[in-house]
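Protein chains: 2
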Amino acid sequence: MIKVGGKVVEEESSLNALLNDFTKLEGCKVLVHGGGRSATKIASQLGIESQMVNGRRITDVETLKVVTMVYGGLVNKTIVAGLQARGVNALGLTGADMDLIRSVKRPVKDIDYGYVGDVEKVDAVSLTELLRSEVVPVMAPLTHDGNGNMLNTNADTIAGEVAKALSSVFDVTLIYCFEKKGVLRDENDDDSVISSINRDEFKQYVSEGVIQGGMIPKLENAFGAIDAGVSQVVITLASAINESDGTRIKK
Amino acid sequence: MIKVGGKVVEEESSLNALLNDFTKLEGCKVLVHGGGRSATKIASQLGIESQMVNGRRITDVETLKVVTMVYGGLVNKTIVAGLQARGVNALGLTGADMDLIRSVKRPVKDIDYGYVGDVEKVDAVSLTELLRSEVVPVMAPLTHDGNGNMLNTNADTIAGEVAKALSSVFDVTLIYCFEKKGVLRDENDDDSVISSINRDEFKQYVSEGVIQGGMIPKLENAFGAIDAGVSQVVITLASAINESDGTRIKK
Numbered sequence: 001m002i003k004v005g006g007k008v009v010e011e012e013s014s015l016n017a018l019l020n021d022f023t024k025l026e027g028c029k030v031l032v033h034g035g036g037r038s039a040t041k042i043a044s045q046l047g048i049e050s051q052m053v054n055g056r057r058i059t060d061v062e063t064l065k066v067v068t069m070v071y072g073g074l075v076n077k078t079i080v081a082g083l084q085a086r087g088v089n090a091l092g093l094t095g096a097d098m099d100l101i102r103s104v105k106r107p108v109k110d111i112d113y114g115y116v117g118d119v120e121k122v123d124a125v126s127l128t129e130l131l132r133s134e135v136v137p138v139m140a141p142l143t144h145d146g147n148g149n150m151l152n153t154n155a156d157t158i159a160g161e162v163a164k165a166l167s168s169v170f171d172v173t174l175i176y177c178f179e180k181k182g183v184l185r186d187e188n189d190d191d192s193v194i195s196s197i198n199r200d201e202f203k204q205y206v207s208e209g210v211i212q213g214g215m216i217p218k219l220e221n222a223f224g225a226i227d228a229g230v231s232q233v234v235i236t237l238a239s240a241i242n243e244s245d246g247t248r249i250k251k
Numbered sequence: 001m002i003k004v005g006g007k008v009v010e011e012e013s014s015l016n017a018l019l020n021d022f023t024k025l026e027g028c029k030v031l032v033h034g035g036g037r038s039a040t041k042i043a044s045q046l047g048i049e050s051q052m053v054n055g056r057r058i059t060d061v062e063t064l065k066v067v068t069m070v071y072g073g074l075v076n077k078t079i080v081a082g083l084q085a086r087g088v089n090a091l092g093l094t095g096a097d098m099d100l101i102r103s104v105k106r107p108v109k110d111i112d113y114g115y116v117g118d119v120e121k122v123d124a125v126s127l128t129e130l131l132r133s134e135v136v137p138v139m140a141p142l143t144h145d146g147n148g149n150m151l152n153t154n155a156d157t158i159a160g161e162v163a164k165a166l167s168s169v170f171d172v173t174l175i176y177c178f179e180k181k182g183v184l185r186d187e188n189d190d191d192s193v194i195s196s197i198n199r200d201e202f203k204q205y206v207s208e209g210v211i212q213g214g215m216i217p218k219l220e221n222a223f224g225a226i227d228a229g230v231s232q233v234v235i236t237l238a239s240a241i242n243e244s245d246g247t248r249i250k251k
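In order, the protein sequences belong to chains X and V. If you count the first sequence from 1, position 75 lands on 75 in our numbering, and the numbers rise without skipping. If you count the second sequence from 1, position 161 lands on 161 in our numbering, and the numbers rise without skipping.
Please keep in mind that the hints were generated in silico from the structure rather than gathered at the bench. Each hint should be verified, as a subset may be incorrect.
It does not matter which identical chain is used: a pair holds within one copy or between any two.
[Unchecked claim] Only pairs whose alpha carbons sit at most 25 Å apart, straight line, appear in this in silico SDA-like list of lysine to any residue:
no.	residue 1	residue 2
1	Lys29	Glu134
2	Lys24	Asp60
3	Lys180	Gly6
4	Lys29	Thr128
5	Lys24	Glu220
6	Lys251	Arg106
7	Lys109	Gln212
8	Lys105	Ala124
9	Lys121	Arg86
10	Lys180	Arg248
11	Lys105	Phe170
12	Lys7	Lys203
13	Lys29	Glu129
14	Lys121	Glu134
15	Lys41	Gly213
16	Lys121	Thr23
17	Lys181	Glu208
18	Lys7	Glu134
Chain X on its own, in the form it takes in the complex:
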């Protein structure tokens, strides 16, 4: 299970490099992608301002249309066509397709995130059937509520939840790709990669301010996945998915 962020999949050269590396991976595989930069760009061209809170997009009804177009259409199908050209039998999916990922619209507390979904249920049976048929799911960060609404859903969360669901059937390695070599001890030193981290060390790093911002929810997802039976979770460069670098998450 490989999760790649928007930056990697939105630039032609890095996308091509990723698709080449992904093609080389053996065994059943799933690609989960982002697309936030393209969504922000298209939204802006359509006169829709992108509002972010804690790195999450406030998704009103017009923004939902944009992310459905960009994630489910443009980014997803560009990846699918690129993989098919490399002989990988890719199938683009959102959580609505085959009812694979059902979510609930995030309840409004301090902030109304709008049409944002918190994952409730992953259909591991259907995903397993696809994987057994040698289909390679390419998942957009979109789910649905079962009442006809698409919901914008964080790609890290989708990768984590799908990895958890599949871990009852498969020996799952979850790789979060990232623009750095891994979790860094010093954000100004790209080589200060923390090669492995457990939950106690994570808490310690957070309290010391070594780990902060968007890395905190990413690592929370990673620990959640390990606790739920995912065999390995790695945070690394997109260009290193076939290597043993990066940060390994331990129980």
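Given chain X, work out where chain V should sit, using these hints.
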């Protein structure tokens, strides 16, 4: 096999009515949709002018992005989520997904249509497996060339080609939905439906100017499907897919 045009799927009330009717259809079923009006609207909002020749969209690289977003993302996923809410196990697809429909970029003769695909090959085996698993394909009017490029492809053509491919396995009825009750003898009289038409009558009507414009390629697709083994082809109102009205195409 039901093909519905953009107008039906782009308005909430007609879309809901269609999805209710489609849900009631028994047996294996496939929905092919358009989305041209939304594509034109979004393109215009993005400052891209839509150029049409003989009812076909000239698809430059920017327009290809728009149709990939709108057909493959917005329209397709809205339908999929709507069908899932009705208990139909919909799966949104383009021709790139699972390599279902391979096309060739239309050769430039008098007109350069750009990234427009002429269908070369439909994978009836994979489609049949999906249908046997009770999955309901929802197909966007997009294919791919096998070299990493998506191609804009006429929805009537996709419906016809998929119907033909499936006719070796299934007893296929192909229904082209339309904003009129069927092929009309008098375009100003909505009740002047031609209840059945064969190829000789078609030629006669064309020579008399009774049938003209976009109805000609639609009927050509219809006759092609009947000749290739599709059991029934009907041109009717979207609201009549469960009824026996409309125009039936005979050999």
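Results of checking the hints against the structure:
1. Lys29 / Glu134: Both: 9 Å inside a chain and 24 Å across chains, each within 25 Å.
2. Lys24 / Asp60: neither (39 Å within a copy, 32 Å between copies)
3. Lys180 / Gly6: within (14 Å within a copy, 44 Å between copies)
4. Lys29 / Thr128: both (11 Å within a copy, 23 Å between copies)
5. Lys24 / Glu220: Neither. Shortest intra-copy (29 Å) and inter-copy (44 Å) distances fail the 25 Å Cα cut-off.
6. Lys251 / Arg106: For Lys251 and Arg106, neither the intra-copy (28 Å) nor the inter-copy (55 Å) Cα distance is at most 25 Å.
7. Lys109 / Gln212: within (23 Å within a copy, 59 Å between copies)
8. Lys105 / Ala124: within (21 Å within a copy, 37 Å between copies)
9. Lys121 / Arg86: between (32 Å within a copy, 18 Å between copies)
10. Lys180 / Arg248: within (14 Å within a copy, 62 Å between copies)
11. Lys105 / Phe170: This pair counts as neither: shortest intra-copy Cα distance 29 Å, inter-copy 40 Å.
12. Lys7 / Lys203: The answer is neither: 28 Å in one copy and 55 Å across copies each exceed 25 Å.
13. Lys29 / Glu129: both (13 Å within a copy, 21 Å between copies)
14. Lys121 / Glu134: both (23 Å within a copy, 20 Å between copies)
15. Lys41 / Gly213: Within. Shortest intra-copy distance 23 Å satisfies the 25 Å Cα cut-off; inter-copy 38 Å does not.
16. Lys121 / Thr23: between (29 Å within a copy, 24 Å between copies)
17. Lys181 / Glu208: Intra 21 Å, inter 71 Å, cutoff 25 Å: intra-copy only.
18. Lys7 / Glu134: The answer is neither: 28 Å in one copy and 37 Å across copies each exceed 25 Å.
Hint check: violations occur at hints 2, 5, 6, 11, 12 and 18; the rest are consistent with the structure.
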